[in-house]
Amino acid sequence: MQKNKLSQYFLILSIFTFLAIFFFVVQQSYNNLMKASSDTKNSPLIRSVSPNLDIDILDEIEKRQETNL
Amino acid sequence: MSLNLEITKLYSRVSPFFAYLEKKRENQKLVRSVEIGGTFFLISFFILFAIKPTFLTISALVGDIKAKEDMTKQLKVKINDIIQAQDLFSQVQERYSLVEASLPTTPRFFQSNLQVLGVTTKYQVSLDKIDYFMKKEQDNYSVNLSTSTSFSSAINVVSDLLKNRRLIDLDGLTLSVNEDFPGQINVIMPLKVYYWRDNAKK
Chain A
1 MQKNKLSQYF
11 LILSIFTFLA
21 IFFFVVQQSY
31 NNLMKASSDT
41 KNSPLIRSVS
51 PNLDIDILDE
61 IEKRQETNL
Chain B
1 MSLNLEITKL
11 YSRVSPFFAY
21 LEKKRENQKL
31 VRSVEIGGTF
41 FLISFFILFA
51 IKPTFLTISA
61 LVGDIKAKED
71 MTKQLKVKIN
81 DIIQAQDLFS
91 QVQERYSLVE
101 ASLPTTPRFF
111 QSNLQVLGVT
121 TKYQVSLDKI
131 DYFMKKEQDN
141 YSVNLSTSTS
151 FSSAINVVSD
161 LLKNRRLIDL
171 DGLTLSVNED
181 FPGQINVIMP
191 LKVYYWRDNA
201 KK
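Protein sequence lines, in the order shown, are assigned to chains A and B.
As numbered in the working numbering, residues 1 to 69 make up the first sequence, in order.
As numbered in the working numbering, residues 1 to 202 make up the second sequence, in order.
Note that these hints are calculated values from the structure, not bench results.
One or more of the hints may lead you astray.
[Said to hold, decoys possible] What the simulated footprint calls covered on chain B by chain A, stretch by stretch (three residues with Cβ under 8 Å from a Cβ of chain A suffice, anywhere in the stretch; the number is not a length):
#: 1; segment: 25 to 35
#: 2; segment: 84 to 94
#: 3; segment: 110 to 121
#: 4; segment: 146 to 159
[Claimed, not checked] A few chain B positions that, by computed beta-carbon distances, are all more than 10 Å from chain A:
#: 5; residue: Leu10
#: 6; residue: Ala19
#: 7; residue: Ser44
#: 8; residue: Ile51
#: 9; residue: Thr106
#: 10; residue: Asn140
#: 11; residue: Asn186
#: 12; residue: Ile188
For each residue, glycine too, the CB sits at the ideal point set by N, CA and C.
Construct all of the structure, not just a fragment, from the sequences and the given hints.
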């Protein structure tokens, strides 16, 4: 009877160990997969540059007077 | 009575056999449990030492490839944006002096001083005092003007300074009656003169 109980514990323990290791490996793999993407997203190299130049503001500046002595 | 005795004898003969069968069945169950448990342990061991490094390497490589592909796409967009920006800049390059006159890359005290004096001279306002204050890590410096003049001249000076090409902001305006000269008021104008600071460029 004692042996039977022990064998049941052994079985449960082995199943949980298997599940824990399986999910650990899956999680680590997913982390590895996503890490490179997140590093790239935060890279200053890919910070976007806006090509839009507000040319109207130059006309506005031109309208302003420059006072001289 | 004799039948009961017979049954008891028979039972006593058969019961060890039943006990043996029961024990054997339990043993078989135990062996099966140990076999299944051992299999799971072995699979876990295999996952930990064989599958895990392989999967980690593969996932890292796939992640790298995806990240590089994304980066290539984004860099292509950025290069196109830079080319567009360069084209636009070349179109307005000859008007860059306007920007420099409005928001110079250096404080250009002389230019701002010239602007202020030009405006005050235009309305015949003589300045009693000009104070300059410059703080570190700021994109502007303060110029405090103190004068005694007529109200209309003071308003004209303020108006012209705010419309000046050089970016000048009026930080406040203090007006008080000049008791010594009737019709004149004491004016204190704290101005902020802006420039394009080096750190701001970054």
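Against the structure, the hints:
Coverage of the segment 25 to 35 of chain B by chain A holds. Counting CB-CB distances below 8 Å, 5 residues qualify, and the rule asks for three or more. Using a Cβ-Cβ cut-off of 8 Å, 6 residues of the segment 84 to 94 of chain B lie near chain A, which meets the minimum of three, so the contact claim holds. Check result for the segment 110 to 121 of chain B against chain A: holds, 6 residues qualifying (beta carbon to beta carbon below 8 Å, three or more required). Counting residues of the segment 146 to 159 of chain B whose CB falls under 8 Å from any CB of chain A gives 0; the rule of at least 3 is not met.
Against chain A, the non-interface label of Leu10 of chain B holds: every CB pair exceeds 10 Å, the least being about 27 Å. The beta carbon of Ala19 of chain B is kept farther than 10 Å from every beta carbon of chain A, the shortest such distance being approximately 13 Å. The beta carbon of Ser44 of chain B sits about 5 Å from the closest Cβ of chain A, which is not more than 10 Å, so the claim that it is off the interface is violated. The beta carbon of Ile51 of chain B is not kept farther than 10 Å from every beta carbon of chain A, the shortest such distance being approximately 6 Å.
Interface exclusion of Thr106 of chain B from chain A stands, the closest Cβ pair being 17 Å apart, more than 10 Å. Non-interface call for Asn140 of chain B relative to chain A: holds, since the shortest CB-CB distance, roughly 17 Å, exceeds 10 Å. Chain A leaves Asn186 of chain B outside its interface by the beta-carbon criterion, the shortest separation being 23 Å against a cut-off of 10 Å. The beta carbon of Ile188 of chain B is kept farther than 10 Å from every beta carbon of chain A, the shortest such distance being approximately 21 Å.
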